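Dock the two chains into a complex; use the hints.
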Amino acid sequence: MALAPAALALSTAGAIPTALSPAGGVHTATQGIRLDLTWVDYLMLAIYFAVVIGIGLIARKRVKSSVDFFLSGRSMPAWITGLAFVSANLGATEILGMAANGAQIGMSTLHYYLIGAVPAMVFLGLVMMPFYYASKVRSVPEFMLRRFGKAPHLVNSLAFAVSNVLIAGINLFAMALVIEAMLGWSQWIAILVSAAFVLVYITLGGLSSAIYNEVMQFFVIIAGLVPLTIVGLNRVHGWNGLVDALNKTESAKLLHTWVGTGFGDESNPIGANWLAIVLGLGFVLSFGYWTTNFTEVQRAFSAKNMSAARRTPLIGAFPKLLIPFIVVIPGLIGAATIGNLLADPDSGVTYNEVIPKLMQMYLPTGVLGVAVTGLMASFMAGMAANVSSFNTVFTWDIWQRYIKKDMPDEHYLKVGRWVTVIGVIIGVGTAFIAAGAQNIMTYMQTLFSFFNAPLFGVFILGLLWKRMTPKAALWSYIAGIIAPTIVFIAYQVSVANKAPIFATATSETLYGAIISFATVLVFAVVISLVTKPKPVSELTGLVYGVGKIDVTKDHVAGDTKWYRSPALLGTVALAGCVALYLPFL
Amino acid sequence: MSENKPSGSGSTDRTLTAEQEELVKSTRRFDLRRILGALFVVYGLIVGITGLVTVGATDELKRTGGIAINLWTGAAMLVLGILFFVWDRLSPVPAEDIVKSEEQEDEERKVGEAKA
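Going down the list, the sequences are from chains A and B.
For the first sequence, position 565 (counting from the first letter as 1) is numbered 564 according to numbering that gives the first Met the number 0, and the numbering increases by one without interruption.
For the second sequence, position 7 (counting from the first letter as 1) is numbered 6 according to numbering that gives the first Met the number 0, and the numbering increases by one without interruption.
With the rest of the complex left out, here is chain B (with noise of 0.2 Å):
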């Protein structure tokens, strides 16, 4: 176990190219957690607002009880899409795993190919 370097700061001994640079950047600009981060965000907002303009509306109370779920859910999911975010920004993919499966595809490929 030589590589035992924390996870998550991202960084790698290695320098990498301008090519390789540029592959880390577009695959962590779509990392899942942004994209969950963002769905959250709006349904968070629009459960929360739909909530706000609802609140105290008897139908709703009536329905849950005397909770006035939509708020709390809406809350609840907004803290959720930025909690995504957060982890995103401190712990991103390291570059040497996106470097490193990249690597191992083209190996991958290439074996495939010999194949052929």
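Next comes chain A alone, as it looks inside the complex (with noise of 0.2 Å):
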């Protein structure tokens, strides 16, 4: 099979949940994965969306708070968080585009989870989160303004609110694109169909609701993607049938993750060396999504106690490690089955559509609309996390600071509400903006993730270094964010010229993830040197080593069980992403 790096047009890190590329051409008019759904299928589709209106309706009665409503009162409890933390994570875009990079570049995809996820999530449940919930803020650009004051919290809560809900908008057109090729539904019902569900059960429950739906897409797309993975491998002849068909291609460098990635030998397809992957990906990148972007760091936040907020991550970790196995491992069926149908850009299937195209081709009516329900659920899912933490990041962090402060609660559970429901209609504009200028909305999507890497160097060395001063924190933030998309106009010049600067446009990203970190440090250093930091007394709880964080205060009756130790959990995430490097090295 032709497997070009270069086409790797599924945007980048797999850190990021938009995957998938609304302009990577998934084609409309063909019958090249529409589904044969009957009534079964339709029914279990109903039964969802009405449960899913139900979980609203049942969490609208809870919601008597803004903490309620933002934050679900803080009262989940740890397994709950922990499922919808990786839920928020597995948006369809994400899986769709997962298995179109194992179709691709095969297990390197996972470098994504393994370095690209779990150790960041580890990191954030042992080291971050204690300052986080200790310091009872509400969201991540509120610990920005009290680390750091008003002028970088300006800027981050006003990136971090356009940005996700421009995404939002990019998320549902991606969605209607699918729905369209698989159902038959047209682009516009598709789009105000899932919004209009989305709009009503956030509008209601809010980020409670956004949790529970999380945690039910979670199972529901797991439902679906183990029979496919079972069927997939059974019509391959099982493991070894696969790595026999993969071997008889070129493609038996598909079922590695580390060769080729020396300096100088870096024939991977990737087309980074081990220094840019572990550095961009499995650093700046992945630790700058998992631990600062605060659609992932919310559900943490609503956690019921330190214990639970810290297991939250460390939770989902666990899922995050055997996810691959139900996603890549059917890409891999992709490509040893349909790889040249994939490889060709005229066959009216791209390789975004491997797992709508195997469920086409494996799974009889039943279990199939499960696998649909599953989908469906998880864009939607991906959209309302997205909205949840817009709205809860605009009214706190810019209506209340900013516009109306000191009103009475009730004030800001209605702003709240109305917040969601122009986040919602803006995100549907985005959305038919999309459909008219793909381009555009793909190079949006790709600066959208310029914006997290800075923030975790402006955070981390915020957190180590007493001495970082405010000014440094913003215009390092500021220098971090145009750094990285000088490189990336660069890197577009370059490959217009035919003489690309980066192999891979995913070489491009992780190269331009650590020069926007190296930016940072540097701006931040000089600046501080030279400007006033805040005195020690307002950084208590704030800054490594300037006042002690008690996390057992707030212990409940359990925290204290042997397997629910912080330390324990991550030790064996961590070596789960070790052993399972071992089989595909």
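Among these hints, one or two may not hold up.
Lysine to aspartate or glutamate pairs mimicking DMTMM-like chemistry, simulated, CA-CA at most 25 Å apart [unchecked claim]:
hint, chain 1, residue 1, chain 2, residue 2
1, A, Lys413, B, Asp87
2, A, Lys63, B, Glu102
3, A, Lys552, B, Glu21
4, A, Lys135, B, Glu18
5, A, Lys60, B, Glu20
6, A, Lys413, B, Glu102
7, A, Lys60, B, Asp30
8, A, Lys135, A, Glu409
9, B, Lys99, A, Glu265
10, A, Lys63, B, Asp58
11, A, Lys60, B, Asp58
12, B, Lys99, B, Glu20
13, A, Lys247, A, Asp405
14, B, Lys99, A, Asp549
15, A, Lys252, A, Glu265
16, B, Lys61, A, Asp243
17, B, Lys61, A, Asp35
18, B, Lys99, B, Asp87
19, A, Lys63, B, Glu18
20, A, Lys560, B, Asp87
21, A, Lys63, B, Glu21
Bear in mind the hints are in silico, worked out from the structure with no lab data behind them.
Small disclaimer: the values here were computed from a predicted structure and weren't measured.
This is the structure in structure tokens:
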């Protein structure tokens, strides 16, 4: 098969949940992945959405304050927040995009999980969550405010709010394309129906609705993908059959993760050496996404106490370790069985559509309904995650902080609901614009992926170094957004001139992230040395070594059980990463 | 760590007021595990029955390479659904957690109102 690394249009790191590029060329008018659903399948779809609305109605009864609406009243148990944490990232765009990567670059896709996610989740749980949760901040931008003051807080809040609402719209459009191809609904019906469901259940129940649905979606999508993987493996005569089939073609290298990642021998499909993969994907991109993206971290903030908050990303790490087996392996099965079809741009089936295509080929009515429901649910959950973090940051960090201070709590609850409505409407507008200008959307998507890396740079330095000043935070953050933008433009220009400065778009992202992080460090250190830091007395609990955080203060019954120890959970998750690499070196 | 009691028993050392009893009951009624359990039992039945009706249908077996995937998936989902109910039964949300989080909320609301 023609493995064209440059064709990794599927955007960037696995850490970024928008792996399905709308411009990825999902063919619209063909019968390529049209599914043959019966009334049984539609019945399951209908039941699911009835339950979704039901959850919204139940959750509404519990929403009495803004903390209920935006943070589920900080009352969720760890297993729920943990699954929601991983599920908020398991949007359908992520699933389809990672399966496409599985078909294109094979087992190297494991990097996105084992290097690009799990270590950062462990770091969040063990190191950063105590600072976040103990400081009682209600959002990630609010942590910025407490540590560095208003100017960087405002920039951070605006960047987050704007990018999230637009990402919601871009995802909505990606969803409409796939739904149109699978079910034959027109794009605008798909957009309006899904937006309406998200609007109803988030406006009713706020974050609780979002989280409950994320957990439900998690189980349903797994119930759809597991049978697909089993049937797929059966059809290629088991794992050995799959390996044989791939070895017969030139795609044997799809079975390896680290082959061809040496300096000077960058023949792996990502087109970057091991150091760039580890630093760019494993450190900057993934730590940036998992530890500072409020859409993720919000799930942990809703946990009932410190112990549950710390365990949220750690519990999420375990499903994250196993998901590649029901996402990447179907991708490999696709490469082995319909690789030629996927690689042919005129076939009507793209890499992004490998999972729907396998569903069409392998799943009979019944299980097919479960799989379709799971995909639709995860599309919506992805959008709901963006909307529910957008309304929180807009209401608390922008409206309450800069526009209408000191209003009674009911005011902010009401604003939160209206902001949800406005956010969804802007999302729908964005989706329609995306339909008309797909390239612009791809560029914006890439642009937003630049927002997390510098934020992580600012936070990690600010956590470790009490001398870091507010001015340093502001300007290094801005410089850290501008630098990778310049690199990205330079790469696009060099591609247009047929002399690309990076091997693939993915490797551009890795180097861009590293450059962004380095820019932050340099600017932050230099500016800090010539400006005035905040007095140490204001930094208690916000900087490592200043004040002490008691992580056991709010323990409740059972938190001290040995199997609930964060250190133990983190260690086992990291050991799992190493173990899962071993068969696929 | 003074509170080192087994979780899940739902026991608590304080006696609850009638109002708190009601709160505990209503919180437990809509435990996510019950919703998940119900969804999976229903899905398991639908998929399983579909499998029974179409058992041996050549189309299904041709697609799956000989596995009666609907029967297997239906059974697995049914079992999973029942397990959610069992888990909910064996370890309901501790009453003290529910009461505590309600009290905490009341406090936060008061703090919020004092600011106003």
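Exercise for the section: Given the hint that Lys63/A pairs with Glu21/B, test it: the Cα-Cα distance must not exceed 25 Å. Expected result: Distance ~17 Å between Lys63/A and Glu21/B Cα, so the pair holds.
Practice task
Would you mind confirming whether the straight-line C-alpha gap from Lys99/B to Glu20/B stays at or under 25 Å?
Solution key: holds, 13 Å
Practice task
Take the C-alpha atoms of Lys61/B and Asp35/A, compute the straight-line distance between them, and say whether it is at most 25 Å.
Solution key: Satisfied, since the Cα-Cα distance of roughly 16 Å is no more than 25 Å.
Exercise for the section: Below or equal to 25 Å on CA atoms is what counts here, so check Lys60/A against Asp30/B. Expected result: holds, 14 Å
Handout entry: Proposed proximity, Glu102/B with Lys63/A (alpha carbon, max 25 Å)
Key = Within the cut-off at roughly 13 Å; holds.
Exercise for the section: Would you check the hint for Lys247/A and Asp405/A, treating anything up to 25 Å between C-alpha atoms as holding? Expected result: Since the Cα atoms of Lys247/A and Asp405/A sit roughly 69 Å apart, the hinted pair is violated (cutoff 25 Å).
Handout entry: Distance restraint between Lys99/B and Asp87/B, which requires alpha-carbon spacing of 25 Å or less
Key = holds, 20 Å
Practice task
Given the hint that Lys60/A pairs with Glu20/B, test it: the Cα-Cα distance must not exceed 25 Å.
Solution key: The given pair, whose Cα atoms are some 17 Å apart, holds under the 25 Å limit.
Practice task
Could you grab the alpha-carbon distance between Lys413/A and Glu102/B and see if it respects the 25 Å cut-off?
Solution key: holds, 23 Å
Practice task
Quickly compare the C-alpha distance for Lys552/A and Glu21/B to 25 Å and report which way the hint goes.
Solution key: It is violated: about 28 Å lies between the C-alpha atoms, which goes past 25 Å.
Practice task
Could you grab the alpha-carbon distance between Lys99/B and Glu265/A and see if it respects the 25 Å cut-off?
Solution key: With a Cα-Cα distance of about 56 Å, the restraint between Lys99/B and Glu265/A is violated, given a limit of 25 Å.
Practice task
Sort out whether Asp87/B lies within 25 Å of Lys560/A, counting only the CA atoms.
Solution key: holds, 19 Å
When each numbered hint is compared with the structure, violations occur for hints 1, 3, 4, 9, 10, 11, 13.
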